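Student: Protein chains in written order, with the working numbering: chain A, 1 to 343; chain L, 344 to 521; chain Z, 522 to 621.
It is worth saying that the hints were derived from the structure and are not from the lab. If you're wondering where the values come from, they're calculated on a predicted model, not measured in any experiment. Cβ coordinates follow ideal geometry from the N, Cα and C atoms, glycine included. Treat each hint with caution, since some may be false.
[Unchecked claim] Here are a few chain L residues that sit away from chain A, every Cβ distance over 12 Å (derived from the structure):
1. Ala361
2. Leu377
3. Met419
4. Arg456
[What the hints assert, rightly or not] Restricting the straight-line Cα-Cα distance to at most 25 Å, the calculated cross-link-like pairs of lysine to aspartate or glutamate (DMTMM-like) are:
5. L:Lys507 - Z:Glu593
6. A:Lys34 - A:Asp59
7. L:Lys473 - A:Asp59
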Amino acid sequence: MPIWLYLLASVIKSAVVLGVLLTAVAYTVWLERKVVGRMQNRWGPTRVGPFGLLQPAADGIKFLFKEDLTPPHVYKPLYIAAPMIAVIFALTSIAVIPFGNAITIGGYSIPLQVTDVNTGLLLILGITSIGVYGVALAGWSSNNKYSLLGGLRASAQMVSYEISLGLSLVGVLIMSGSFSLRDIVMAQQGHFWGFIPRWNIFHGQFIGFFCYLMAAYAETNRIPFDLPEAETELVAGYHTEYSAMKFAMFFMAEYANMITVACLATLLFFGGWNGPIFGPPILQALLPVFWFAAKIFAFLFLYIWVRGTLPRFRYDQLMAFGWKFLLPLSLMNLIATAIAVAW
Amino acid sequence: MLNLHLILFLAFGAVAVAGAVNLLAQTHPINSALSLIAVMAALAGEYLLLGAEFVAAVQVIVYAGAIMVLFVFTIMLLNAGVEERTQGSRVSVLLGIPGMLLGSILVAWVVLRHSGTEAVAVGSLPGDPKTIGQMLFHEFLLPFEITSVLILIAIMGAVVLASKPPSTPAAGLTREAE
Amino acid sequence: MVPLSYYLVLSGFLFACGVTGFLIKRNIITIFMSIELMLNGVNLSFVAFAAQWHALAGQIFVFFVMVVAAAEAAVGLAIIIAVYRTRETLNIDQVNLLKL
Numbered sequence: 001m002p003i004w005l006y007l008l009a010s011v012i013k014s015a016v017v018l019g020v021l022l023t024a025v026a027y028t029v030w031l032e033r034k035v036v037g038r039m040q041n042r043w044g045p046t047r048v049g050p051f052g053l054l055q056p057a058a059d060g061i062k063f064l065f066k067e068d069l070t071p072p073h074v075y076k077p078l079y080i081a082a083p084m085i086a087v088i089f090a091l092t093s094i095a096v097i098p099f100g101n102a103i104t105i106g107g108y109s110i111p112l113q114v115t116d117v118n119t120g121l122l123l124i125l126g127i128t129s130i131g132v133y134g135v136a137l138a139g140w141s142s143n144n145k146y147s148l149l150g151g152l153r154a155s156a157q158m159v160s161y162e163i164s165l166g167l168s169l170v171g172v173l174i175m176s177g178s179f180s181l182r183d184i185v186m187a188q189q190g191h192f193w194g195f196i197p198r199w200n201i202f203h204g205q206f207i208g209f210f211c212y213l214m215a216a217y218a219e220t221n222r223i224p225f226d227l228p229e230a231e232t233e234l235v236a237g238y239h240t241e242y243s244a245m246k247f248a249m250f251f252m253a254e255y256a257n258m259i260t261v262a263c264l265a266t267l268l269f270f271g272g273w274n275g276p277i278f279g280p281p282i283l284q285a286l287l288p289v290f291w292f293a294a295k296i297f298a299f300l301f302l303y304i305w306v307r308g309t310l311p312r313f314r315y316d317q318l319m320a321f322g323w324k325f326l327l328p329l330s331l332m333n334l335i336a337t338a339i340a341v342a343w
Numbered sequence: 344m345l346n347l348h349l350i351l352f353l354a355f356g357a358v359a360v361a362g363a364v365n366l367l368a369q370t371h372p373i374n375s376a377l378s379l380i381a382v383m384a385a386l387a388g389e390y391l392l393l394g395a396e397f398v399a400a401v402q403v404i405v406y407a408g409a410i411m412v413l414f415v416f417t418i419m420l421l422n423a424g425v426e427e428r429t430q431g432s433r434v435s436v437l438l439g440i441p442g443m444l445l446g447s448i449l450v451a452w453v454v455l456r457h458s459g460t461e462a463v464a465v466g467s468l469p470g471d472p473k474t475i476g477q478m479l480f481h482e483f484l485l486p487f488e489i490t491s492v493l494i495l496i497a498i499m500g501a502v503v504l505a506s507k508p509p510s511t512p513a514a515g516l517t518r519e520a521e
Numbered sequence: 522m523v524p525l526s527y528y529l530v531l532s533g534f535l536f537a538c539g540v541t542g543f544l545i546k547r548n549i550i551t552i553f554m555s556i557e558l559m560l561n562g563v564n565l566s567f568v569a570f571a572a573q574w575h576a577l578a579g580q581i582f583v584f585f586v587m588v589v590a591a592a593e594a595a596v597g598l599a600i601i602i603a604v605y606r607t608r609e610t611l612n613i614d615q616v617n618l619l620k621l
């Protein structure tokens, strides 16, 4: 493939992926408000457009028009940079996530992935590690004791649960033998006994999936681990002093992290885009993407369901859970997987 | 001869040099910490150019994503402020910076003069995780196990050193007696 | 193509910046960060030589340097916190009780 065509395809893929991701972030907010509302026996947004579907647009316009206040006592360079750091690293991990098989356009085979790095999983772990800085620096630069405490708590929580996150992924790595996300999905093709799909969760990684889910909930600061940013604790945690667009950036970063985590869980434990394929070639090219999106939707629904159901952990309970339960469990999962594969 | 390898090396190198100089130039430690993170990220790019992909990923995850978070935590916790200029620091700046500059120019001149022009090809050495894992667990098993003991000692040391001292002398004595 | 000496010059410059920072800075935490900068310069040198001589042991050694740096950072920052608790200052010129 000539270099200019490759560059053009990459630019188009990046633009499409970013557009879809940002729209998905906006509509995940809508989904959350609807589902949590229904769980609490109320409607959720219904006024703006049919079923409240234009509510994210209304929220976006509201955020744009709100006064972007910068308090005088903050440390300005980091105050302005922290939400940018959070958003940039939340949106970057979508670059290595594959959405489907390669499609053929005009004789060239274009993989449905912005770039297939052969250490893709390590890249996502690295981006997650750097994302901690957005939270820590926001808390510190706000020059406010509630923000500082919330920022410190949030970053300590994220750093602690990163370890269990990484360890729970190593079980999948042992079974697939490669860090490349595309290879991990390819290793999950086929069926057991004809009808059970060969997904990693049925192939022995059930405890690994559980560890990954718990660690991911803590990494994205969602209930039951959202003490650092809950409204009734510490005012609002690390984003107390932020208003309008900067607050919207933190919000976007949180939901983009949720979507990244859902994408990773789908790819690593639920077979990615593998699903029944039928029909004419155009349908065969689009069905994998549809299965992928359906699985991500199921994960986001699970996230929101857990948010509407569970109370939140106290901070010492949260840290004890991460270090004293989840870390040994991930280690034992790793050892058991290694022994099972070596046999 | 200008090619992409040289351009990328110069780009990452410029970021690393700028970060290192900025670490020296800034007075507030948080700015120095962020410059150091920029240096580490640029070095991760350099490692990728040398074909060490696993080392680059570990540099970002461990060094820039965990060790520097520890530094930033400490700066935030201890509320470190802008550092003050004393007589000792002025003297050391006057003598130290020209001295170091002279020393590094000397070393650079010697290295550049006495080395050949054969290039380090991109991707000649497979630094993939599988090969590194095999070497790490076969030839380097003993250092690996010893470093795990080292980390255990460091964890215990950090927990003991940073914990609050006992409030009464009697409590301190009973702690020592255990 | 990039000759090996370019990587060595960059590594040497980072090391020199680290040494300079160690000498001229007065804040304990910044001195500590200069040590980390020195270690990073050395790591670059290791990886460059590993690529030059096709010896993967260079990259393995970088791991060990990173592990030692992590352990040293953990213990060193704990010491800094302990010093701050007793001396109430982070200026290294004032941590001089053994001076005559």
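Student: Against each hint, give a clear statement of whether it holds in the structure.
Tutor: Verification of the hints:
1. No beta-carbon of chain A comes within 12 Å of the beta-carbon of alanine 361 of chain L; the shortest separation is about 16 Å.
2. Not every C-beta of chain A lies more than 12 Å from that of leucine 377 of chain L, the closest at about 8 Å, which undercuts listing it as non-interface.
3. Interface exclusion of methionine 419 of chain L from chain A breaks down, the closest Cβ pair being 5 Å apart, not more than 12 Å.
4. Listed as a non-interface residue, arginine 456 of chain L keeps its Cβ farther than 12 Å from every Cβ of chain A; the least gap is roughly 37 Å.
5. Straight-line distance between C-alpha atoms of lysine 507 of chain L and glutamate 593 of chain Z comes to about 20 Å, which keeps the hinted pair within the 25 Å bound.
6. This hinted pair checks out: lysine 34 of chain A and aspartate 59 of chain A have alpha carbons roughly 15 Å apart, not beyond 25 Å.
7. Taking the CA atoms of lysine 473 of chain L and aspartate 59 of chain A, the gap is about 48 Å. The hint is violated against a cut of 25 Å.
Hint compliance for this structure: hints 2, 3 and 7 are not met, and every other hint is.
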